[in-house]
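First residue of the sequence shown? That's 1 in the numbering used here, and the numbers climb one at a time after it.
In case anyone wonders, no lab produced these hints; they're calculated from the structure. Yeah, the Cβ is synthetic: ideal placement off N, Cα and C, and Gly gets one too. One thing to keep in mind: the hints can contain errors.
[As the list claims (entries may be wrong)] Quick list of simulated restraints, FRET-style, between CB atoms:
1. Ala49 to Ser187: 37 to 45 Å
2. Ile109 to Gln44: 21 to 29 Å
3. Thr83 to Asp148: 43 to 51 Å
4. Cys25 to Asn4: 30 to 38 Å
5. Val115 to Asn4: 31 to 39 Å
6. Glu151 to Glu111: 17 to 25 Å
7. Ala8 to Thr83: 31 to 39 Å
8. Met108 to Ile154: 17 to 25 Å
9. Cys25 to Thr83: 24 to 32 Å
10. Thr153 to Leu26: 32 to 40 Å
11. Val115 to Ala49: 29 to 37 Å
12. Asp148 to Val115: 22 to 30 Å
[To be verified] Listed next, the in silico SDA-like pairs over lysine to any residue satisfying Cα-Cα at most 20 Å (straight line):
13. Lys171 to Pro145
14. Lys171 to His199
15. Lys171 to Gln147
16. Lys92 to Trp5
17. Lys171 to Leu144
18. Lys127 to Gly100
19. Lys71 to Asp121
20. Lys71 to Val112
21. Lys173 to Asp121
22. Lys71 to Val115
23. Lys71 to Glu111
24. Lys71 to Ser95
25. Lys171 to Leu197
26. Lys71 to Phe182
27. Lys127 to Lys171
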Amino acid sequence: MAENWKVAGTYFEACNCYAPCSCVCLGPPSDGDCAVLIGWHIDQGKFAAVTLDRLNIALFAYSPGHMLQNKWRVALYLDERGTSEQQEALGKIFSGQAGGPLAALGPMIGEVMGVRPAAVDYQQNGKHRSLHIPNVADMEIEALPGQDGGEVTISNHPFTPAPGFAAVIGKSKEFRFTDHGFTREISDRNGFYSPFLYHG
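Model the full assembly from the supplied sequences, consistent with the hints where possible.
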């Protein structure tokens with residue numbers, strides 16, 4: 001019998017597209033290929049009897065072309081502060097194995113390069129977001145300034161890791177990833193952030 005689960009919190013991402021990224025509206029990536037790093041912070045979460053509050057997760061994904069027309073290579077990083085039971089639950093949820101919105105990514109993945117515990121540090125302060133994984137990744141984005149100092153947002157976009165929520169559009173101050181033979185260092189490109197809610 002499948003476990004009941006629910007996780008809610010905030011997410012953000014940076015990729016190599018120019019802002020705003022056209023992939024979320026099913027367009028092609030700016031540079032022909034796509035490299036994206038996504039971070040999640042769970043405010044409240046539970047997988048069956050396992051509590052997942054305050055844990056962080058990161059996912060790197062690479063597509064050699066249009067994200068909906070090519071198989072991805074992915075790596076998943078699970079908060080090392082979690083117990084083995086918590087990490088197992090996070091792995092099921094954020095790989096899509098447990099169902100929910102992320103299950104739709106399954107057919108797009110061609111290779112899982114790795115799934116492992118890591119020190120995933122996720123920070124948010126106003127319109128600023130950052131993520132750090134020692135010796136692997138640094139990501140920092142800030143919201144674009146909109147009219148009257150408000151946020152620039154996009155909503156009802158068909159391709160998103162946070163369905164049901166408007167995404168704030170930002171730009172990366174830093175996007176660095178080095179693992180599994182990949183080395184990417186990018187700045188001044190696209191970023192998004194929003195709340196998220198997954199359940200299954």
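Quick rundown of the hints versus the structure:
no.	hint	in the structure
1	Ala49 to Ser187: 37 to 45 Å	43 Å, holds
2	Ile109 to Gln44: 21 to 29 Å	27 Å, holds
3	Thr83 to Asp148: 43 to 51 Å	46 Å, holds
4	Cys25 to Asn4: 30 to 38 Å	33 Å, holds
5	Val115 to Asn4: 31 to 39 Å	23 Å, violated
6	Glu151 to Glu111: 17 to 25 Å	36 Å, violated
7	Ala8 to Thr83: 31 to 39 Å	20 Å, violated
8	Met108 to Ile154: 17 to 25 Å	21 Å, holds
9	Cys25 to Thr83: 24 to 32 Å	40 Å, violated
10	Thr153 to Leu26: 32 to 40 Å	18 Å, violated
11	Val115 to Ala49: 29 to 37 Å	22 Å, violated
12	Asp148 to Val115: 22 to 30 Å	44 Å, violated
13	Lys171 to Pro145	10 Å, holds
14	Lys171 to His199	29 Å, violated
15	Lys171 to Gln147	17 Å, holds
16	Lys92 to Trp5	11 Å, holds
17	Lys171 to Leu144	7 Å, holds
18	Lys127 to Gly100	28 Å, violated
19	Lys71 to Asp121	28 Å, violated
20	Lys71 to Val112	11 Å, holds
21	Lys173 to Asp121	17 Å, holds
22	Lys71 to Val115	18 Å, holds
23	Lys71 to Glu111	8 Å, holds
24	Lys71 to Ser95	15 Å, holds
25	Lys171 to Leu197	23 Å, violated
26	Lys71 to Phe182	16 Å, holds
27	Lys127 to Lys171	11 Å, holds
This entry does not satisfy hints 5, 6, 7, 9, 10, 11, 12, 14, 18, 19 and 25, going by the numbered hints stated previously.
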